[in-house]
Each structure stands twice: as C-alpha cells, then as structure tokens.
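Participant: Got chain B sorted already, so can you dock chain D onto it with the hints?
Sequence lines, in order, name chains B and D. Last residue of the first sequence? That's 235 in this note's numbering, and every number before it is there in order. Last residue of the second sequence? That's 115 in this note's numbering, and every number before it is there in order.
Everything labelled a hint here was simulated from the structure, so no lab data went into it. Warning: the hint list may mix true and false statements.
[To be verified] FRET-style restraints, in silico, Cβ to Cβ:
no.	chain 1	residue 1	chain 2	residue 2	range
1	D	103	B	204	35 to 45 Å
2	D	113	B	141	32 to 42 Å
3	B	135	D	16	41 to 51 Å
4	D	101	B	227	19 to 29 Å
5	B	181	D	63	34 to 44 Å
6	B	203	D	115	37 to 47 Å
7	D	103	B	205	16 to 26 Å
[What the hints assert, rightly or not] Just a sample of chain D residues kept apart from chain B, beta carbon distances all over 10 Å, derived:
no.	residue
8	45
9	52
10	68
11	101
Every value quoted in this text rests on a predicted model; they were computed, and no experiment measured them. Note that CB positions come from ideal geometry on N, CA and C, so glycine has one too.
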Amino acid sequence: AQSVTQLGSHVSVSEGALVLLRCNYSSSVPPYLFWYVQYPNQGLQLLLKYTSAATLVKGINGFEAEFKKSETSFHLTKPSAHMSDAAEYFCAVTSQGGYQKVTFGTGTKLQVIP
Amino acid sequence: DSGVTQTPKHLITATGQRVTLRCSPRSGDLSVYWYQQSLDQGLQFLIQYYNGEERAKGNILERFSAQQFPDLHSELNLSSLELGDSALYFCASSVRTEPTYEQYFGPGTRLTVT
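This is chain B alone, in the form it adopts within the complex (with noise of 0.2 Å):
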C-alpha cells in the first residue's frame, strides 16, 4: 500500500519569499515521486519527479525537491515566490509498477502574497 500526506491545504507566502510545500509518502517498495502543479481551469502539469536517481531533484520554474529516505518525505521548495506560483500543487506517488497505481495528495493551495 502506498500513501501521501500533504501538510497545510493552504500555504501563503510574501513575493520573494521561500516556497515550502510539505509531502510524505509511504510505500512499501521503493517509490516513483511527483509534484504536479494545477493552475485554475487546467489539468495538471509535472513539475519535476524523482525516479531512484539524484536524491535533489530540479524541475520547472525554480522548484525542486529533495527525497529523503530517512524521512520519507519530498518536500517542494523554490527559493522565491512569484505571483505567478499561485496555483494547487499536488504531491504523487506510485512504484515501479507503473503509473496506474499512482497515489494522488489532496493538494496544497499556495496564494502568493505582493
């Protein structure tokens, strides 16, 4: 069984600010883990994921995350905020098995602060 526990559905942060969006996982195999973003009226776009290799993962438009075994977490961070972070961030999970056993977090909104 796998599992993701997102902190905080809401996250409010001041423009230039650091970006921290909590994720721990549970899995009992080793997992595939992703951060997806979802601006309103769109579907989801990656932003990076970690696939066993670099423990420090860099995706898209500043953010990365960092897997932490000993932790089980894969926190999102990006070292300033802009107005256009503004979004719903989803943390996922799945194994190796593939994507259809993909776990979905329920979501974190971060509202940007000018």
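Facilitator: Coordinates of chain D only, in the frame set by chain B:
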C-alpha cells in the same frame, strides 16, 4: 498546451442520464489514463489503456466504462449518473506506462449532474 485534448469542456446533465467524455492523446502516445477530481475524493485514478487494451483499473465504478479506439483516442462512458458523479474528469497520456515517462494531462471535462 499539453497536446492532450478533451471534449466537451463542460457538461451539464440530469441524474440517471448517460454521458460520454472524449480524449485525444498527444501524437505518439500509446497510453491513456482517466482521472476523477472531486472535492470529496480528491484526485483519483480511474482506468488505464495502452494501445487499445485495458491495462489497469483504479477506483472506477461499475456504472463507468471506457475504451481506447484504434486511432488511440479514448472515451469514458458514465451511466446512471448520480449527483456525486459531479467532478472534473481528466485524461492523461504518455508514451509508455512506466513512471519514467511523463504523463501529460488534458484540460479536463467538468461534469455537473443536477
């Protein structure tokens, strides 16, 4: 634009009715996935097809069915609709099924059951 198209964008129908949602994957992608996003259940995997064959089922109700046609487009059929079926339905596609291949999401179909 992900290259995945979904029609219609919006659909309003009554309880007990049947609807068909259509998805055209990105050119070259053989795998299609259907997801449901609702306030109650969050984002859930429904079903996956690969090159015309069903590969995996997730939390898909028996009232729902899907198929992938020889031209690789897919349709999701929802019947005996209930109020609780109101949700955003996303289609995604990927070249293959392994998680190392990115999934591309369509813009979704918003279904409202009244």
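Participant: Now, for every hint given, state plainly whether the structure supports it.
Facilitator: Tested hints:
1. D/103 with B/204: 35 to 45 Å: Given a distance of about 26 Å, which is not inside 35 to 45 Å, the answer is violated.
2. D/113 with B/141: 32 to 42 Å: Distance hint for residue 113 of chain D, residue 141 of chain B holds at roughly 36 Å.
3. B/135 with D/16: 41 to 51 Å: Holds: the Cβ-Cβ distance is about 46 Å, inside 41 to 51 Å.
4. D/101 with B/227: 19 to 29 Å: holds, 25 Å
5. B/181 with D/63: 34 to 44 Å: holds, 39 Å
6. B/203 with D/115: 37 to 47 Å: holds, 39 Å
7. D/103 with B/205: 16 to 26 Å: Holds, since residue 103 of chain D and residue 205 of chain B (Cβ atoms, about 21 Å apart) stay within the stated range.
8. 45: violated, 7 Å
9. 52: holds, 14 Å
10. 68: holds, 16 Å
11. 101: Residue 101 of chain D is in fact no farther than 10 Å from some Cβ atom of chain B, at 5 Å.
This entry does not satisfy hints 1, 8, 11, going by the numbered hints stated previously.
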